[in-house]
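**Student:** Order-wise, the sequence lines are chains A and B. Read in our numbering, the first sequence has 101 at position 88, and its numbers run on one by one without any break. Read in our numbering, the second sequence has 302 at position 308, and its numbers run on one by one without any break.
Since the hints were derived computationally from the structure, they do not count as laboratory data. Model, not experiment: these values are computed from the prediction. Heads up, the beta-carbon is just placed ideally off N, CA and C, and yes, glycines get one too. Please note that the accuracy of each hint is not assured.
27 Å max Cα-Cα, derived DSSO-like pairs, lysine-lysine [as the list claims (entries may be wrong)]:
1) 112/A / 207/B
2) 258/B / 362/B
3) 336/B / 107/A
4) 207/B / 17/A
5) 32/A / 74/A
6) 68/A / 107/A
7) 207/B / 74/A
8) 17/A / 141/B
9) 85/B / 104/A
10) 28/A / 17/A
11) 190/B / 37/A
12) 17/A / 107/A
13) 141/B / 190/B
14) 17/A / 127/A
15) 17/A / 258/B
16) 32/A / 112/A
17) 112/A / 190/B
18) 112/A / 85/B
19) 67/A / 127/A
20) 141/B / 127/A
21) 85/B / 107/A
22) 74/A / 104/A
Chain A stretches covered by chain B per the calculated footprint, using a threshold of three residues with CB under 8 Å from any CB of chain B [unchecked claim]:
23) 36 to 49
24) 56 to 65
25) 120 to 131
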Amino acid sequence: MAVKHVDLDDCYVPKSSDKEIVVKVEIGDGQDGSYSVFLGTSFIVANAPARLGKKADIMGKSTIVSAIVVDVLQETNWTSMTVLVTEGSGKPTKFGPYKTQAETHLDTVIYTLKLIHQ
Amino acid sequence: MKQKLLLTYTALLLLAQTTNAQEAARLTVPSSPAFSILNFEPSAVMRPVNARDLAADVLNSFDGDGKLRLNLGLEVMPYWLSSHPTLTRSKYLRPSTGQTFLQSLSISAATVKDSATGNNRLGAGFRFKLANGRPVPELEVANTELKARTTVVSIINGVKNVVGPVINTRTLAAQNVLTALASANTSQQLIAAVQKDTAELISNYTDSPSDIKLFLDELIRRRVESYGQLAERVSALLYQRKGFILEFAGAAGYNTTNATSLDKTGVWGNASYFVSPDDLFTLTARFMNRSGDSSLRNADVGIGFLKKTERYNISLEGMLRWYRAEVVDRSTVSPPVARLEKEFTYRLAVQSSYIFNDYLSINLNLGKDFNSPFIAGKGFFSIFGFNYSFFSRKPAELKE
Chain A
14 MAVKHVDLDD CYVPKSSDKE IVVKVEIGDG QDGSYSVFLG TSFIVANAPA RLGKKADIMG
74 KSTIVSAIVV DVLQETNWTS MTVLVTEGSG KPTKFGPYKT QAETHLDTVI YTLKLIHQ
Chain B
-5 MKQKLLLTYT ALLLLAQTTN AQEAARLTVP SSPAFSILNF EPSAVMRPVN ARDLAADVLN
55 SFDGDGKLRL NLGLEVMPYW LSSHPTLTRS KYLRPSTGQT FLQSLSISAA TVKDSATGNN
115 RLGAGFRFKL ANGRPVPELE VANTELKART TVVSIINGVK NVVGPVINTR TLAAQNVLTA
175 LASANTSQQL IAAVQKDTAE LISNYTDSPS DIKLFLDELI RRRVESYGQL AERVSALLYQ
235 RKGFILEFAG AAGYNTTNAT SLDKTGVWGN ASYFVSPDDL FTLTARFMNR SGDSSLRNAD
295 VGIGFLKKTE RYNISLEGML RWYRAEVVDR STVSPPVARL EKEFTYRLAV QSSYIFNDYL
355 SINLNLGKDF NSPFIAGKGF FSIFGFNYSF FSRKPAELKE
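Next up, chain A with everything else stripped away, as it sits in the complex (with noise of 0.2 Å):
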């Protein structure tokens, strides 16, 4: 029951100011996962859409997703994270497929991402 911390930075800048932004986390290779998200140092919401606000609400904070996969599958050992970013009803902007191994059967693997705003 190893921990694999993968630590993730990148940056998201607004296109709009007008429109609702959305974070949402998509966990793949057949294997489960829960998140929860946190704008600045507030916590926003787990396991679900996050609605973070609009451009003026977020500009100069950050954005943390803490993702947590473990690895319950005897076929793979691979895990992955996807990071979605949505402005209104546009397309959604994609941050990953973030993939790791665990290094064996049944570890978790705790993904952070932290987006600048900016």
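We have chain A; now place chain B onto it with these hints.
**Tutor:** Below, chain B without anything else, positioned relative to chain A:
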């Protein structure tokens, strides 16, 4: 003491006979067709889980002279060698027919030196499913519980990553964790567990940013440890399926001593209906062909029922076989004569076992086996056996 040893020996003998009788007509697709076609379980089986491991394993299968090493096995599931970020758990659990094929396809290979003939043999096989039933309801329950626990870890990790000028003490960090857990509708039981860990750990650290992070790392470690058994249960439940399962396999065995020649082939098909993971009906068809001095070709079709409970197992099976055998009769006074036999035969069997306790179980097998072109006799069998273990099967509990 002598009596005890004799008792154990007799039990082992009966158990071995039972096992042979059961393996004679197993109504399933072999888990590793390449090993099955060679009647051999290699001492070393390589199971690569990524392309790099596969390349290394293939290279390691050859010796310095470029010859295949013997007594080696390789099992690989090609689909799983690479990552599939778009494969969600939902798609994995309820795949389409094409996806079921991809997810289940496995390829196996093995090499062996035949101890009877001294020949080197190579087996290669494949196995796949086209339908894989549906998940058991217990999985949903266990998975929801695991998700609740991993959500706690995701929140602690999230707070760890926002430690800085605002969250600058251990107490503040712990408060943030608890507030976020409450906002995420975490159960009182899980919140209480985090509170207990916090109370135990908080005095071991200072309020420096690096120490606050170490404190939260330790909280994460404890929470991860707490769901170990649950993760194991989820992993086991993923492979318990109900409903219709359709599976196929094929394998070929080669003699590689001099020139490579095909000497055995087999094709299996199996349709099962799992009423529950321990309660199933099954229909199996297979075709086997063996060439050589004595060639044998047989086609089998069989049906079976298996029920398992904590105390007893029972299986009923019936199999029809059509075979064609060419047997070379040798004599000292005349040249060898090839005898051709074509026959229909069948197998009927009832197998049952009852477990009395951790030490004692009995089993009973009754039935009629296939007639064989190589062995005379009617093939009726009735085997009663018991298994007594002198030592407990439970692992010893170690004191701290």
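**Student:** Taking the hints in turn, state whether each one holds.
**Tutor:** Tested hints:
1. 112/A / 207/B: 24 Å, holds
2. 258/B / 362/B: At roughly 26 Å apart (the allowed maximum being 27 Å), residue 362/B and residue 258/B satisfy the hint.
3. 336/B / 107/A: It is violated: about 65 Å lies between the C-alpha atoms, which goes past 27 Å.
4. 207/B / 17/A: Roughly 16 Å between the alpha carbons, so the hint for residue 207/B and residue 17/A holds.
5. 32/A / 74/A: At roughly 17 Å apart (the allowed maximum being 27 Å), residue 74/A and residue 32/A satisfy the hint.
6. 68/A / 107/A: Roughly 18 Å separates the two Cα atoms, so the pair holds.
7. 207/B / 74/A: 20 Å, holds
8. 17/A / 141/B: Judged against 27 Å, a Cα distance of about 18 Å means the pair holds.
9. 85/B / 104/A: 23 Å, holds
10. 28/A / 17/A: The given pair, whose Cα atoms are some 34 Å apart, is violated under the 27 Å limit.
11. 190/B / 37/A: Given that 27 Å is the threshold and the Cα spacing comes to 32 Å, the pair is violated.
12. 17/A / 107/A: 23 Å, holds
13. 141/B / 190/B: At roughly 20 Å apart (the allowed maximum being 27 Å), residue 190/B and residue 141/B satisfy the hint.
14. 17/A / 127/A: 17 Å, holds
15. 17/A / 258/B: 46 Å, violated
16. 32/A / 112/A: Since the Cα atoms of residue 32/A and residue 112/A sit roughly 30 Å apart, the hinted pair is violated (cutoff 27 Å).
17. 112/A / 190/B: Roughly 34 Å separates the two Cα atoms, so the pair is violated.
18. 112/A / 85/B: 18 Å, holds
19. 67/A / 127/A: Holds. Residue 67/A to residue 127/A sits at ~18 Å (cutoff 27 Å).
20. 141/B / 127/A: Measuring from Cα to Cα gives roughly 22 Å; hence the hint holds.
21. 85/B / 107/A: 20 Å, holds
22. 74/A / 104/A: 23 Å, holds
23. 36 to 49: Three-residue rule met by the stretch 36 to 49 of chain A, so holds; n is 11.
24. 56 to 65: holds (count 4)
25. 120 to 131: Our answer is that it holds, as 4 residues pass the Cβ test (under 8 Å) against chain B, meeting three.
The structure shown violates the earlier hints numbered 3, 10, 11, 15, 16 and 17.
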